[in-house]
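> Okay, here's what each chain looks like letter by letter:
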Amino acid sequence: MSAASGTALVGLVAFIVLRAVMTGVDVYGTFQRGAEKGMRGAVALLPTLSAMMLMLALLNASGLAQLIGRLAAPITDWLHLPQEAAPMLLLRPLTGSGSLAALEAVFENCGVDSRAGRIASVLMGSSETIFYTMAVYLGGAGVRKLPWVLPVSLAAYFFSAALCGWLM
Amino acid sequence: MDRIYKYLLLAGAALAMLSGRAGAAASAVLESGEQAVKLLLTLLATMTLWSGLMEVVAESGDAARLGRLFRRILKPLFPGLEDDAAWDAISMNLSANLLGLGNAATPAGIEASKRLAALGKTGLRSLGMLLVLDNVGLQLLPTTVIALRQAAGAADPADVWGMTMLVSGTASVAAVLMMRVLQHRKGTA
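Residue numbers (my numbering), protein chains in the order written: chain X, 1 to 168; chain G, 1 to 189.
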């Protein structure tokens, strides 16, 4: 890891602990309480991850993923995005686990430090499972529909993708 | 999701058999379970670690401070919203998302949605803005991506950090502006 991002990361950890010391927080106990929540959340992902990995395995081994990439090529080429990232781009707004599996596939097929791998990483980190979030929040509040949210969210995602293609 | 999922599985399996890639596809299917566990292992490690650290952030009151800061900064985005309980839920939801705490963000988001929906037209307008902000996925530190890059052997796993912030920051501004213009123009929720 480079000195800059290393310093930022270790600095962040130091800052968190320093703030906790200043406010008299039990760091050891609190860390474990939070870690347990994270652990439970992560383990609960396995069934979804397994389903998504099965799908990605079939998509990649059958050549369907490449076919989707070629079909999406007019759009990805226009945005200067690598074709290999097409499955991840399409899955990202729908499923978090599925897009993580697709990101892994990009790492495996193109290399983690390739242009495709880096673009997929940035897009993964600057996007959200739009359809899922909307379903959960609106469903929880009993709101049937809310104007503009979906088109604006998708437009912002498209904008992020275009920005990645242009800047990277 | 099921509608897409089952047909993608069928199409993949059919194409593999028809194109003579059945052998490769069979190994891929058999390996997929193990790959899911490998991916989970990375996620388990990073989520456990960062949930622990972020719990310390929450406990030391910095998450609440971040929430109050949000209310001051974001006031113009939620015009006419005075309900304190709704603001608390919005702040908690946004700060949890910013810190990458999905577990804490979802209940706060549902709470905010309920409170805003109860406030009528102004509330629904605010809910639209909140959802758009959440949907951009702005995050201070993309922990999951960095962990996956590290596991995949990247030379400098965190070197995408700056670009991620730049892209999601710009997209957030664009999304908020779009939403403002559209909501204002139509005069609807």
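The set of hints was computed from the structure by calculation and includes no laboratory data. Please note that the accuracy of each hint is not assured.
[As the list claims (entries may be wrong)] No more than 30 Å apart at the CA atoms, straight line, and that leaves these computed lysine-lysine pairs for DSS-like:
1) X:K145 / G:K38
2) G:K121 / X:K37
3) G:K121 / G:K75
4) X:K145 / G:K6
[Claimed, not checked] Only some residues are given here: those of chain X computed to face chain G with a beta carbon under 10 Å:
5) G6
6) A35
7) L54
8) L67
9) G69
10) I75
11) W78
12) G117
13) R118
14) M134
[Said to hold, decoys possible] Pair ranges (Cβ atoms, derived):
15) G:L18 / X:N109: 41 to 47 Å
16) X:R70 / G:L9: 31 to 37 Å
17) X:F158 / G:M1: 18 to 24 Å
18) X:F15 / G:M1: 25 to 31 Å
19) X:W78 / G:D84: 43 to 49 Å
20) G:S27 / X:R144: 42 to 48 Å
21) G:Y5 / X:Q66: 33 to 39 Å
22) G:G61 / X:Q66: 16 to 22 Å
23) G:L69 / X:R40: 25 to 31 Å
24) G:L9 / X:L18: 47 to 53 Å
25) G:E34 / X:L154: 30 to 36 Å
26) X:V43 / G:L9: 21 to 27 Å
Ideal Cβ positions, reconstructed from N, Cα and C, are used throughout, including at glycine.
> Hint numbers the structure violates, sorted upward?
1, 2, 9, 10, 11, 15, 16, 18, 21 and 22
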